[in-house]
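Let's have the full structure, built from the sequences with the hints guiding it.
Which chain is which? The protein sequence lines are A and B, in order.
Mapped onto the numbering used here, the consecutive letters of the first sequence carry residue numbers 91 to 372.
Mapped onto the numbering used here, the consecutive letters of the second sequence carry residue numbers 3 to 272.
Once the Cα atoms are required to be at most 30 Å apart in a straight line, the calculated BS3-like pairs of lysine-lysine come out as:
| # | chain 1 | residue 1 | chain 2 | residue 2 |
| --- | --- | --- | --- | --- |
| 1 | B | K5 | A | K179 |
| 2 | A | K128 | A | K337 |
| 3 | B | K259 | B | K9 |
| 4 | B | K188 | B | K259 |
| 5 | A | K367 | A | K264 |
| 6 | A | K337 | A | K129 |
| 7 | A | K337 | A | K134 |
| 8 | A | K264 | A | K179 |
| 9 | A | K337 | A | K120 |
| 10 | B | K9 | A | K264 |
| 11 | B | K259 | A | K179 |
| 12 | A | K264 | B | K5 |
| 13 | B | K9 | A | K179 |
| 14 | B | K103 | A | K367 |
| 15 | A | K264 | B | K259 |
| 16 | B | K103 | B | K188 |
| 17 | A | K134 | A | K120 |
Simulated from the structure, these hints should not be mistaken for lab results.
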Amino acid sequence: MYLFYLPAMLMLLFFVIRPFGETLYISLCKWNGYSSAKKLIGFKNYAALLGDRRFYTAFVNTLIYGFVSTLLQNVIGMGCALLVNSRFKGNGIVRVVVYLPIMISGLIMGYIMYFIFSYDRGVLNDILALFGRAPVDWLADGRTGVCIITLVNSWQYAGNCMVIYLAGLQNIPKVYQEAAAIDGASGWQSFRNITLPLLIPSITTSVIVNLIGGLKLFDPIISLTNGGPNYQTHSLMTYLNSQYFLKEKAGYASAIGIFTFFLIMLVAVAANGYFEKRMVDG
Amino acid sequence: MKKNWWKYLIAAVLVLIYLLPVYVVFAMSLKPMTDMSSRLRFPSEIYWGNFEKVFRNSGILRAIGNSLIITAGTVIIVVAVGSLAAYPMARIQNRLSRNIKIFIMGVMMIPGMSMVVGIYSMLVSIHALNTYWGIILVSATFGLPFSIYMYSNFIASVPRSLDEAAQMDGAGVVRTFVEIIVPQLKPVTVSVILLQGVGTWNEYGYSLYVLQRTEMYNVTLTVKQYFGEAVRDLNGAAACAAVAIIPIIVIYLLLQKYFVQGALDSSVKG
Numbered sequence: 091m092y093l094f095y096l097p098a099m100l101m102l103l104f105f106v107i108r109p110f111g112e113t114l115y116i117s118l119c120k121w122n123g124y125s126s127a128k129k130l131i132g133f134k135n136y137a138a139l140l141g142d143r144r145f146y147t148a149f150v151n152t153l154i155y156g157f158v159s160t161l162l163q164n165v166i167g168m169g170c171a172l173l174v175n176s177r178f179k180g181n182g183i184v185r186v187v188v189y190l191p192i193m194i195s196g197l198i199m200g201y202i203m204y205f206i207f208s209y210d211r212g213v214l215n216d217i218l219a220l221f222g223r224a225p226v227d228w229l230a231d232g233r234t235g236v237c238i239i240t241l242v243n244s245w246q247y248a249g250n251c252m253v254i255y256l257a258g259l260q261n262i263p264k265v266y267q268e269a270a271a272i273d274g275a276s277g278w279q280s281f282r283n284i285t286l287p288l289l290i291p292s293i294t295t296s297v298i299v300n301l302i303g304g305l306k307l308f309d310p311i312i313s314l315t316n317g318g319p320n321y322q323t324h325s326l327m328t329y330l331n332s333q334y335f336l337k338e339k340a341g342y343a344s345a346i347g348i349f350t351f352f353l354i355m356l357v358a359v360a361a362n363g364y365f366e367k368r369m370v371d372g
Numbered sequence: 003m004k005k006n007w008w009k010y011l012i013a014a015v016l017v018l019i020y021l022l023p024v025y026v027v028f029a030m031s032l033k034p035m036t037d038m039s040s041r042l043r044f045p046s047e048i049y050w051g052n053f054e055k056v057f058r059n060s061g062i063l064r065a066i067g068n069s070l071i072i073t074a075g076t077v078i079i080v081v082a083v084g085s086l087a088a089y090p091m092a093r094i095q096n097r098l099s100r101n102i103k104i105f106i107m108g109v110m111m112i113p114g115m116s117m118v119v120g121i122y123s124m125l126v127s128i129h130a131l132n133t134y135w136g137i138i139l140v141s142a143t144f145g146l147p148f149s150i151y152m153y154s155n156f157i158a159s160v161p162r163s164l165d166e167a168a169q170m171d172g173a174g175v176v177r178t179f180v181e182i183i184v185p186q187l188k189p190v191t192v193s194v195i196l197l198q199g200v201g202t203w204n205e206y207g208y209s210l211y212v213l214q215r216t217e218m219y220n221v222t223l224t225v226k227q228y229f230g231e232a233v234r235d236l237n238g239a240a241a242c243a244a245v246a247i248i249p250i251i252v253i254y255l256l257l258q259k260y261f262v263q264g265a266l267d268s269s270v271k272g
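So, in structure tokens, the structure goes:
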């Protein structure tokens, strides 16, 4: 029966483990990505990361894309799940519509969002004009650019959280809330003290999945801002791409990759540990 | 109705916010470039010229064909190799299986792009650039951990007594798997096909590196190219985006029950 593992393990060996080792090795080299002149330079690429302000910006942005998106997605997703789970006509439509953007490629969604946020004839500026406000060039500033990318990402993938919480909510026996209502608990009290603690397994899954998704954000950044203006909206992954694909700094790009790999592993393990402890205590 | 008015209000706002971008794309795609009305306004007269241009110039039909081949190949490998590996993982409980499971979960978290340098130089050395099999193997490998995870959770819920009865009748491991387990896997296979299919169809990062020749472009690369060239003609670009997202929206609306089920299966910890 162990032979059943073989095809999967061979694929993972060739396309994950070997390239990982190779990336690790290249991160210790000076190399342009195609010539045969690969020179071992030790940890110089990693040392260079420390002095690179653009890397620092990309790192901070990545944390924003990861943590702020996760927070927003979970709040929106929880709200939608509570709404869809409560009885009213049309809850099916909300579920279908909120899950819809997940079907669309992040890259194409970025382009679509450009129609909304562009300065010239952008939809958001049109709406502002209705209220007599002057148009704003949303994507010309790094700070608003990062906010918009975070919002777009949260909006697009909140449906995942909704579905996860919906499943969690439907597993909670109705008697609990009924008992609380008889004891005179308000809606908020019953949510805070009964629903929320019972949803911790759902929250764990939802938070970890979205943290990983946000920390490796790539597609919508490429199409919305391409990391600009002046490298201010890059994530670690798009910064890696720009260093490798455009600047041909393969060694440096590899070092960014290895750094991001360990960052995500660290965050995932820490988040898992945090919630596991809560589950025991709660 | 009266008591629930605020629910309807929130629902209406949500539906509006979630449908607005898609609406804008379709409204823009049906207006000529010279139409200077707001992007929010529905075209006063339907104009098909953008679509004509897209079908003539962008190579989007060829790209849809390429994406179909790549997605089908990836899905087939992920289903076959994934279900195979999931069987021993669900049935054998020892240190090796546990370690493999931890390894698989670890790979699931890895951002694929973080080791693009290593993968790209390997693909160059095995001459896999601009080939279907190159991009299929890369996508399938990164999709594999997820499908193994889904299948092993599912197989764990299939009673062991079925395996044991078959083995009592003299069936070997392979026959037990093919004749007893595989027929049970239909619902989880639907989920794996849909989730992996959408993922591969929408993939961009690795395609950018592997598919460099225009004839090999998939849908995302073609849309990107069209947006890059049509800087002024955003209505044309909107038509290109519309052509790219229509197939997947139609499939989603037809099969949305299965998509939601798939998302649920993948999120419930086994």
